[in-house]
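J.: As given, the protein sequences belong to chains X and U, one line each in that order. Heads up: the first sequence is residues 408 to 521, going by our numbering. Heads up: the second sequence is residues 2 to 110, going by our numbering.
Simulated from the structure, these hints should not be mistaken for lab results. A few of these clues could be false.
Distance condition first, Cα-Cα at most 25 Å in a straight line; then the derived PhoX-like pairs of lysine-lysine [what the hints assert, rightly or not]:
{"id": "1", "chain 1": "U", "residue 1": "Lys53", "chain 2": "U", "residue 2": "Lys97"}
{"id": "2", "chain 1": "U", "residue 1": "Lys102", "chain 2": "U", "residue 2": "Lys70"}
{"id": "3", "chain 1": "X", "residue 1": "Lys464", "chain 2": "U", "residue 2": "Lys53"}
{"id": "4", "chain 1": "U", "residue 1": "Lys70", "chain 2": "U", "residue 2": "Lys55"}
{"id": "5", "chain 1": "U", "residue 1": "Lys4", "chain 2": "U", "residue 2": "Lys55"}
{"id": "6", "chain 1": "U", "residue 1": "Lys97", "chain 2": "U", "residue 2": "Lys70"}
{"id": "7", "chain 1": "U", "residue 1": "Lys4", "chain 2": "X", "residue 2": "Lys464"}
{"id": "8", "chain 1": "X", "residue 1": "Lys464", "chain 2": "U", "residue 2": "Lys102"}
{"id": "9", "chain 1": "U", "residue 1": "Lys70", "chain 2": "U", "residue 2": "Lys4"}
Listed next, the stretches of chain U that the computed footprint assigns to chain X, with coverage defined by at least 3 CB atoms under 8 Å from CB atoms of chain X [as the list claims (entries may be wrong)]:
{"id": "10", "stretch": "40–48"}
{"id": "11", "stretch": "97–108"}
Where a beta carbon is used, it is the ideal one built from N, C-alpha and C, also for glycine.
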Amino acid sequence: KAGVTQTPRYLIKTRGQQVTLSCSPISGHRSVSWYQQTPGQGLQFLFEYFSETQRNKGNFPGRFSGRQFSNSRSEMNVSTLELGDSALYLCASSRASSLNNEQFFGPGTRLTVL
Amino acid sequence: LAKTTQPISMDSYEGQEVNITCSHNNIATNDYITWYQQFPSQGPRFIIQGYKTKVTNEVASLFIPADRKSSTLSLPRVSLSDTAVYYCLVGNRDDKIIFGKGTRLHILP
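In isolation and in its complexed conformation, chain X is listed as follows (with noise of 0.2 Å):
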């Protein structure tokens, strides 16, 4: 079966401007996380995202916000972009609960921004 997929693959930006992610989860998965890696933090949990609604939020700001439709497919939203911002931004489905259950990611959106 297909597996996570997330687009766009790469995206460049500059200071100030927004950016939305897209996600479309493994078919029955119903559970959809994202997180954010960067060299120098690693990989930080964004927000999980289960049957349309926000389930668990990681320490991000307001900026940083997300939402499931009821495909399960998930978009994040990224406003007023800092620097700090550029990062592999990586989203995982799983059945259920993402912590119980096997987790699967996609290759990721590399955001750059300038």
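With chain X fixed as given, assemble chain U onto it according to the hints.
T.: This is chain U only, laid out in the frame that chain X set:
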């Protein structure tokens, strides 16, 4: 969410068995222990998950002592392609997911 402590890095040689230990002194009764592997520029990949004693699958074994305050991921007969970062996660369904810095495993020829 129970905090985990892993070695920052490890070196080993091809063909050896590698054991990576993760400490999680504050593990809760409902917490599971999960290990992921990550190669550069890729998302992490699930390796194994356990709750107690020993779990084995086709790629690794996970040893969990009775007190569950630590766990050991065992990779049998590693190859160069096992060079990656390995993450230990501990938690349950209500927790935020914390990957930490992981253990950077470097396999030498």
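J.: Tell me if the straight-line CA distance from U/Lys97 to U/Lys70 falls inside 25 Å.
T.: 19 Å, holds
J.: Next pair to validate is U/Lys70 with U/Lys55; report whether the Cα-Cα distance is within 25 Å.
T.: 14 Å, holds
J.: Between the alpha carbons of U/Lys70 and U/Lys4, is the straight-line distance 25 Å or under?
T.: It holds: about 11 Å lies between the C-alpha atoms, which stays within 25 Å.
J.: Count residues of the stretch 97–108 of chain U with a Cβ under 8 Å from any Cβ of chain X, then say if the count reaches three.
T.: That given contact holds, which follows from 7 residues of the stretch 97–108 of chain U lying within Cβ reach (below 8 Å) of chain X.
J.: Taking only the CA atoms, is the gap from U/Lys4 to X/Lys464 under or equal to 25 Å?
T.: 17 Å, holds
J.: Apply the coverage criterion to the stretch 40–48 of chain U and chain X: a residue qualifies when its Cβ sits closer than 8 Å to a Cβ of the chain, and three qualifying residues are needed.
T.: holds (count 6)
J.: Checking one constraint from the list: CA of U/Lys102 to CA of U/Lys70, max 25 Å. Satisfied?
T.: 19 Å, holds
J.: Run the distance test for X/Lys464 versus U/Lys102: straight-line Cα separation, threshold 25 Å.
T.: It holds: about 19 Å lies between the C-alpha atoms, which stays within 25 Å.
J.: Taking 25 Å as the top limit, are the C-alpha atoms of U/Lys4 and U/Lys55 close enough?
T.: 21 Å, holds
J.: For a C-alpha distance cap of 25 Å, please report whether U/Lys53 and U/Lys97 respect it.
T.: 21 Å, holds
J.: Within 25 Å, alpha carbon to alpha carbon, are X/Lys464 and U/Lys53?
T.: 28 Å, violated
The structure is inconsistent with hint 3 alone, although it conforms to all the rest.
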